[in-house]
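Please put together the full structure from these sequences, using the hints given.
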Amino acid sequence: MKPLIEVTNLSKTYGKKSTAFRALKDINLTINEGETVAIVGKSGSGKSTLMHLLALLDQPTTGTIKINDINSHKLKQRQLNRLRNREFGFVFQQFFMNANDSVLNNVLLPLKISSTRRRARKKLALDALKTVGLEDKASNKANDLSGGQKQRVCIARAIVNNPKIIFADEPTGNLDSVTGDKVIKLLFDLNRNKKVTLIIVTHDLELANKCQRQIHIKDGKITKDTGTKTSATKKEAKK
Amino acid sequence: MRLIDIIKTANHNLFQNKIRTFLTILAIFIGSFTIVLNTAINSGVNSFIDKQVESIGGDGFIEVFPAAMYDQVNSAMKSGTAATEYNPDTGSALSSNISDSDLEKLRKVEGVNTLEIFHMLSPEWITSNHTDKKYNVAIEYFPNTDFNVDLSAGQMLDHEAKDYEILLTEEYLEPLGFKDPEDAIDKTITIGFKQTTLCYTQPDNCIKKVDAKVVGVQAPGILSMSGELQINAALSDAIYDGSMKGVPVETAAKANIIAVGSVDPEKLDNIREKFRNIGYEIMTIDDTVGMIRTFLDVVLIVFTIFGAIALLAASIGIINTLFMSVQERTREIGLMKALGMGSGKIFLLFSLEATLLGFWGSVFGIAVSVAAGLAGNGIAHSTFLADFPTFSLTEFTPLNVVVITLTIMLVAFVSGTLPAIKAARKNPIDALRYE
Numbered sequence: 001m002k003p004l005i006e007v008t009n010l011s012k013t014y015g016k017k018s019t020a021f022r023a024l025k026d027i028n029l030t031i032n033e034g035e036t037v038a039i040v041g042k043s044g045s046g047k048s049t050l051m052h053l054l055a056l057l058d059q060p061t062t063g064t065i066k067i068n069d070i071n072s073h074k075l076k077q078r079q080l081n082r083l084r085n086r087e088f089g090f091v092f093q094q095f096f097m098n099a100n101d102s103v104l105n106n107v108l109l110p111l112k113i114s115s116t117r118r119r120a121r122k123k124l125a126l127d128a129l130k131t132v133g134l135e136d137k138a139s140n141k142a143n144d145l146s147g148g149q150k151q152r153v154c155i156a157r158a159i160v161n162n163p164k165i166i167f168a169d170e171p172t173g174n175l176d177s178v179t180g181d182k183v184i185k186l187l188f189d190l191n192r193n194k195k196v197t198l199i200i201v202t203h204d205l206e207l208a209n210k211c212q213r214q215i216h217i218k219d220g221k222i223t224k225d226t227g228t229k230t231s232a233t234k235k236e237a238k239k
Numbered sequence: 001m002r003l004i005d006i007i008k009t010a011n012h013n014l015f016q017n018k019i020r021t022f023l024t025i026l027a028i029f030i031g032s033f034t035i036v037l038n039t040a041i042n043s044g045v046n047s048f049i050d051k052q053v054e055s056i057g058g059d060g061f062i063e064v065f066p067a068a069m070y071d072q073v074n075s076a077m078k079s080g081t082a083a084t085e086y087n088p089d090t091g092s093a094l095s096s097n098i099s100d101s102d103l104e105k106l107r108k109v110e111g112v113n114t115l116e117i118f119h120m121l122s123p124e125w126i127t128s129n130h131t132d133k134k135y136n137v138a139i140e141y142f143p144n145t146d147f148n149v150d151l152s153a154g155q156m157l158d159h160e161a162k163d164y165e166i167l168l169t170e171e172y173l174e175p176l177g178f179k180d181p182e183d184a185i186d187k188t189i190t191i192g193f194k195q196t197t198l199c200y201t202q203p204d205n206c207i208k209k210v211d212a213k214v215v216g217v218q219a220p221g222i223l224s225m226s227g228e229l230q231i232n233a234a235l236s237d238a239i240y241d242g243s244m245k246g247v248p249v250e251t252a253a254k255a256n257i258i259a260v261g262s263v264d265p266e267k268l269d270n271i272r273e274k275f276r277n278i279g280y281e282i283m284t285i286d287d288t289v290g291m292i293r294t295f296l297d298v299v300l301i302v303f304t305i306f307g308a309i310a311l312l313a314a315s316i317g318i319i320n321t322l323f324m325s326v327q328e329r330t331r332e333i334g335l336m337k338a339l340g341m342g343s344g345k346i347f348l349l350f351s352l353e354a355t356l357l358g359f360w361g362s363v364f365g366i367a368v369s370v371a372a373g374l375a376g377n378g379i380a381h382s383t384f385l386a387d388f389p390t391f392s393l394t395e396f397t398p399l400n401v402v403v404i405t406l407t408i409m410l411v412a413f414v415s416g417t418l419p420a421i422k423a424a425r426k427n428p429i430d431a432l433r434y435e
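Residue numbers (my numbering), protein chains in the order written: chain A, 1 to 239; chain B, 1 to 435.
Just so you know, the hints here were simulated from the structure itself, not pulled from any lab data.
Every value quoted in this text rests on a predicted model; they were computed, and no experiment measured them.
By construction, the Cβ of each residue, glycine as well, lies at the ideal position given by its N, Cα and C atoms.
Each statement offered as a hint is correct.
Now the stretches of chain B that chain A is said to cover, found in silico as 3 or more residues with beta-carbon under 8 Å:
| # | segment |
| --- | --- |
| 1 | 338–348 |
| 2 | 424–434 |
No farther apart than 20 Å at their CA atoms in a straight line, the calculated lysine to any residue pairs in the SDA-like style are these:
| # | chain 1 | residue 1 | chain 2 | residue 2 |
| --- | --- | --- | --- | --- |
| 3 | A | K141 | B | N11 |
| 4 | A | K141 | B | E332 |
| 5 | B | K8 | A | S115 |
Pairwise CB distance ranges, derived in the manner of DEER restraints:
| # | chain 1 | residue 1 | chain 2 | residue 2 | range |
| --- | --- | --- | --- | --- | --- |
| 6 | B | I316 | A | T8 | 50 to 56 Å |
| 7 | B | Q327 | A | N68 | 35 to 41 Å |
| 8 | B | D297 | A | K123 | 55 to 61 Å |
| 9 | A | Q59 | B | I305 | 49 to 55 Å |
| 10 | A | N143 | B | D430 | 23 to 29 Å |
| 11 | B | D430 | A | K224 | 26 to 32 Å |
Set out below in structure tokens:
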């Protein structure tokens, strides 16, 4: 397995001097292609900050993040945008949908941003909706869907661009356990069928345990990383 | 994101909050309506004047003044005082005349077809057998000019005729006791004028009379607007000779003269230049009408300023609307940025939203002002403009409409930049966390 994300000495500090708050302290980790990783921790532990940094939504104070062996510091804003647009998918706890827009339009937003042609993006969006089992809701208003359906639309939006990595921030946080399980199953199916790397931020241990690997965070530090055998061996081999 | 998608998204976003958008557009509409209607009236009135000038064929008509006279008037207007220094070389500016040798020089300038001297006449009054009252009157005689005088009855003056002839304007018909233009034809009117020398000795009995035949009645138009009645050569001579009776011939010949002529309109600029070198200024119909235009322009500028102020207020409305819109869609901005939309495109999205507000406001304003303008034309033609069927009070030219629309869109775009910059600068994380 190839390392996909390599993080070295990563720190993030909010504020300056006296009011400075170190949200992340000296994080080192490697995430391999096709892994399912749970970042676990209580609220305020720094797990969301870590995800934001991994997803290149935010800049670390110190340390480097390499994606596919490319140092993110060396990427220009335009290239970062392009990378997020083409390679990443996002699923958020609060969905973040345009409530008044149709389901289809919500799903094809990433393709609109990437300037995909009208016909192609409609087809890709319908395919993505099919994957999450909501192709019949394409022309519904996003606001008219139930919570579980909304999150499935968000997953469709996250996979419409065929990403390598999906970042899911508390994907089941707003859902009851039955619909939550459905959403989780969808995500793991994607991992299995399309080899999508999953990075899930959660405080739900049950969900975390379904992932191959759990990274526990507390006060901005990794307290426990179950690792994966293969990645561990590779790390050894590298040394 | 493609531009077409950005435009569509911006337009879609615009109608998310219909009442707010409508009110903002309404404010722009008021400004755009005022400006468009104003411009249309300006263009309507000006094109009417153009048509009139063209229809009387006055393109090549010039009046020639000694430069000193022209300068005195001009410098008095510029300096705000008529008390300019006396120059013995030119003499009294207002009494300067055109010498015979100068007249010859002027006639030889290329493009000058004819140039004739005539005397300014100042009669006392006009009356007819059908009324006891006397009326103020101004008359003019334009030798050798080919105006197309628009007549509502009768025929043009005959400058070769020995009979005394005059053209009335419609405004003199009723006072002089004529029912309509036809009624006045071939009737006799009487003009009274002072015999200058006689007035020194018999001030109460120095007014002489001359009878003239009405050959035609001038239709309302730019020529009749001056209020001057046109007369033929014979009548002009009779009045001039009569009023100068007793004055030494040489003095009389030099009093109150002015030259008029016709020139090739194409060469007007060149002629103006050459005349200036000889010491004379010319005035065309356009120059005369220019004063009317200047007045109109001032009125319209004032109204356009009102429109501009309305637009300024509207642009503050745009800024406000956009700021609210940016605030409301903070999370949406965060999402789009997370999904890889660049700051430039976010800026474009919001500033285009502002531009579209301007676009819809001006389209709305144009539509209503066109409707109002056409309705106004209809009303005007059935009332105070009934005599001028060719005069459209308002005239909408595509160029004006496009320029106004683009200007308003530019103003709206500029108003939108501040909120759009705010949107573009949002950090995706903070925007997504925004509650």
